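J.: The primary structure of each chain is shown beneath.
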Amino acid sequence: MTESGRYLYAIARGLDPSVLAGVPALAGGRLEVVEHRGLEAVVSTVDLEEYGEDGLRRNLEDLAWLEEVARGHDTVVQAVATHAPAAPLRLATICLDDDGVRERLDSSHDALEEVLDRVEGRREWSVKVFARPRPAPQQAVPQPTTGGGAAYLQRKKAESQAREADESSAAVVADEVHERLAVRSVAGRRLAPQDPRLTGRSETMLHNGAYLVEVDEGDAFAALVDELASAHPEVTVECHGPWPPYSFATLEQQ
Amino acid sequence: MTSTLDVGASGGTTVEPEPVHGRQIALVDLLDRLLGVGVVLAGDVVISLAGVDLVQVRLHALISTIRSDMVEPR
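Read top to bottom, the protein sequences are chains A and B. Following the working numbering, the numbering of the first sequence begins with -6 at its first residue and continues without gaps. Following the working numbering, the numbering of the second sequence begins with 5 at its first residue and continues without gaps.
Since the hints were made in silico from the structure, they are not lab data. Don't take every hint at face value.
As the list claims (entries may be wrong) - Chain A stretches covered by chain B per the calculated footprint, using a threshold of three residues with CB under 8 Å from any CB of chain B: (1) 17 to 28; (2) 87 to 101.
What the hints assert, rightly or not - On the chain A side, residues computed to face chain B include the following (Cβ under 10 Å): (3) LEU1; (4) LEU53; (5) GLU54; (6) LEU56; (7) VAL108; (8) SER119; (9) GLN147; (10) ALA155; (11) VAL176; (12) ARG177; (13) ASP188; (14) THR192; (15) SER240; (16) THR243.
Model, not experiment: these values are computed from the prediction. Every residue, glycine too, gets a C-beta built ideally from N, C-alpha and C.
Sequences are here, hints too, so could you generate the full structure?
T.: Set out below in structure tokens:
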């Protein structure tokens, strides 16, 4: 016999469950809402073979599985966040039954209310700054006519110093971009820059920022990013959003 | 099989707000958030997401793709 559990996607406030009709749940399930003390947990049933501790340990190592679950989770969170203030939960938050869900809503009630107050009417924007790849060295360093080893090493050293100088000035630009955006948003935070093996890009990511912005300030925020990008052609600035407030739904007290 | 974490549909230098109905988040950004930040409510199933190393996961996926490619032409 296989046991089942309740997968939690997000906690919302004032969510009309009917808006979730037609939104797909993970594993072909059906979305349901568990209500407690004015908060709603959006959940669906999953098989603990797949989502229990052993299953998760195995499956989290599988990129295809991870992608499917992350996308499914995000689809639900986006649908919820469109209709009500929503605090997205981390991937694979699972309770054994609805009583377990209510227990969590109860014990973290005040902290969840605070999160919902913080994110209500706001969206997350992602802004990244990349170092521009250094153009292939032109004739800045005189090419030695005789390919001596010392000359070669000297040239390599000069190139490497120039690259370091570029990266450090680009890092200053990244700091400035972050400061300007943070002033313009409700909150801003710097996430860890992504590894090039994950982004598949050769440029160094100098800044991986997340900003919480009022829904009706989104255009102005995007315009400011555009302005900063034009002012700093020495770096690449990328902006994506608006997204649900994933990076700003952290509980203050545990 | 999918083995790349796409950086997003566009790689421009400036702002490219996504279409209203297509706000798909690049997988790497989504995993950054779903594994790294966000509300943590301890569920009944306890598993440490902190231990999920995406670089390793991706390398594993790439390696298994390469291996299956190598095995196929028999």
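J.: List, from low to high, the hint numbers that the structure doesn't satisfy.
T.: As far as the earlier hints go, 1, 9, 10, 11 and 12 are violated by this structure, in ascending order.
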